[in-house]
Amino acid sequence: MTTRYVLVLAGILTLIGLAAFIYKWQVLGLPLDASQETPTWTVETTIRFDSGPGSINVNLQIPTLTPGFVTLDEFSVSRNYAFGLNYVGADREAQWTVRRADGPQTLYYRIIVYEDPDSDQSDLTPQLPIPPVIDEPFRTAVEMVVADVREHSADEASFTSVLIRLFNSPSPNPNIQLLLAETQTRADFVRMLTTVLASERIPARVIRGIPLQDQQRQAEAVPWLEIHDGDRWRYFDPSTGDEGLPDRFLVWWRGSEPLYRVEGGSNVEVRFAVQRNYIDALAIAEHRAELRQSRLFDFSLFALPIETQSVYSVLLMIPIGALVMVFMRNVVGIDAFGTFMPVLIALAFRETQLVWGVILFSVLVALGLSIRFLLERLRLLLVPRLSAVLIVVVLLMLIISVVAHQLGMETGLSVALFPMVIIAMTIERMSVVWEERGAGDAMRAGAGSMIVATIAYLVMGMPWLEHLIITFPELLLIVLAVVLMLGRYTGYRLSELTRFKAIVSK
Amino acid sequence: MFATRKLLREAGVLGLNERNAEFIMRMNPRRLYPRVDDKVLTKKLAIEAGMPVPELYGVIGNQAEVRRFSAIVADHESFVVKPARGSGGDGIIVITGRSKRKRDSYRYASGLLVSGAEIEHHISNVVGGQYSLAGNPDTALIEYCVKFDPLFGEVSYQGVPDIRVIVYRGYPIMSMVRLPTRTSDGKANLHQGAVGAGIDLSSGRTLRGVLGNDVIDEHPDTGALISGLYIPKWDFILQSSARSSEVTGLGYVGVDMVIDKDLGPLILEMNARPGLNIQIANGCGLAHRIRRIDEIFDPEADSVARARVARQEFAAERQGTLELSD
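Protein sequence lines, in the order shown, are assigned to chains F and Z.
What the first sequence shows, in this note's numbering, is residues 5 to 510, in sequence order.
What the second sequence shows, in this note's numbering, is residues 27 to 352, in sequence order.
Possibly wrong hints are sitting among the right ones.
Stated by the list, open to error - To spell it out: a stretch of chain Z is covered by chain F in this simulated footprint if at least three of its residues, at any positions, have a beta carbon under 8 Å from a beta carbon of chain F; those stretches are:
#1 44–56
#2 194–208
#3 238–250
#4 275–285
Rather than coming from a laboratory, the hints here were simulated on the basis of the structure.
Every residue gets a Cβ at the ideal spot worked out from N, C-alpha and C, and that includes glycine.
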């Protein structure tokens, strides 16, 4: 009877999930496969500040000309604020104003771009710069550096390269030392380069851009050098002197203006978040949905703030891990510690990679176990003993990180990503099983956990599955249906075929 | 290497999933679990129903009471400490005597000495919940240590063998005796290395033995033949276990009994999730017997009648069980 209810429920869930999936796929045209698309990138700038008394005026530099990228869309989210765009020379500024606001304020500016290597987006030819007026003793220093570099270079580009290399030399000559004494940040350093270049009448400016990588919750604006050789703008790496832009470098703003100006606010904090999306194909789908007056998109994952989206892109895979867990337990019959411990370990493997994950986990548990056996002799009460194991685990993680870093194995650092409470509980459970049922059983269950975690990691890491679940979260209803049905699976577990073989072998 | 699903199905073997989904969840309502999970409560219910149980010396319910331990056992040479909510026999220690010179030094079934402080640490672990499901705080029981019945002297290595009867809807359907070995440290739990031997329900005679998942004929420590032993007071054992369904209200339960040299069969504990290795020990699946009970179930029958039915229905010969003796 119960089985029938479960079957009906599972059927309904599957139908709903499939219907939503097929509608989104066939009618709205959401992509089934991530690889066919050109990636689009969403960069979100978050400005947080505490409002002061009086009116508030916030200016933010925003991208104008973006070599290698084409802007698909941009918008700002700011309740109660008036929003406007100011064109200052070749640059653009977003401006938010409000007469009065209370408490902490948050403003968002979001831009969606896609890669297009043919996009030129060069600026106009600038006028030749007027040689800057420089005070002594810097003036002599600049003149000597310019004379020195000119001797070793042929044109604007080679002048710039040679100059940058001199600036970056591990033992710079006294003139350069003098110039660099004043520079504190990377941007100052690039600005000093532009000053020297201006003395040579080469138009040059600092540009700031964001290297785009998937799921960055806190990206940094990186300063770069741009010069004009009389014909076109060229880009130089200020730390090597090599020409060109880094891969996927979204130029955010040019010149020496600060990124933001906030009048009437304090404790300003500006953050960039980057996310790769499938909004390119989705944008078309969205457009179609609008035509059909479907509200589906307002309630999709992609409507959430990016930081939340990247959290969900991990969270949505957990049900898949749980499904693997159920299958391994109830159909295969593998022994493992804790119900969801292997799934959490598998999540940690996503950061450490598999081989390192297995090694680090085994080392951590082995060390923890040996210390746990020492603690056993002290006859501690249960909760203090568990806490002691937890503290030991945290210390071990620290030691492993430090030692790995010293040995130059950066993967060792990711040990910090393991769920330490879970590890402490695993160590405790394992040591109890060890004492009660012997090392064999403890090892078997430990190995079982490892196998399940590995399989869960491999399944959860399949890119097409990840894309499918993130684009079509309704598929999780089908996962739920499968789990419900496995909950009524009364057949034999695979392991029981060997366990009970003695009964049937005559 | 493997049996096939079809073969197991034909032999009526019950798997873990089916046991959990079809019998434990359907026949054993969750609210009745405390009656078997809490050994203090089980003992109380069993005494009320007039079932024989080992005498309770004392109960330690919190850390402050742990120091009462030596007072509780002051008058007793031997005793057993067990967690009230333990599972699978974990956390049980059996003390069979004391050091001759130091009264504060106790002797395990294995002969090793252990200090009172160590036992108190164990008790405080028990009270702290180390052995209880989900790690909740627990209670430690200190009770009568069953005296060895010489019947099983040849086939057990220290410790006391116990008899497990599976009772379905009040009818005993399968039984085995669990014999301690050196690896099980005197404990009668199969997963700790004890030997299980099936029992022919109609005669109370032991069948073949099983160690782990393998069939064996001889006790691994003593070398004595396991099969062909007659369990004394078999009728009484079957009737007592049949009453467990009235006492606990559970439809699928494992009843654990021991035979004391002086007191005869005593009920140790009951289990709402009895293990499935009993099928290997009997060389026979549970599913057919469960189906047979469903056919002949009589709500009016009392425990004596149900025990009689079990003896008639589940004779080893009729079930085609493998016999290794005779």
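Status of the hints after comparison with the structure:
1. 44–56: That given contact holds, which follows from 4 residues of the segment 44–56 of chain Z lying within Cβ reach (below 8 Å) of chain F.
2. 194–208: violated (count 0)
3. 238–250: The restraint on the segment 238–250 of chain Z holds, since 3 of its residues have a Cβ under 8 Å from chain F and three suffice.
4. 275–285: violated (count 0)
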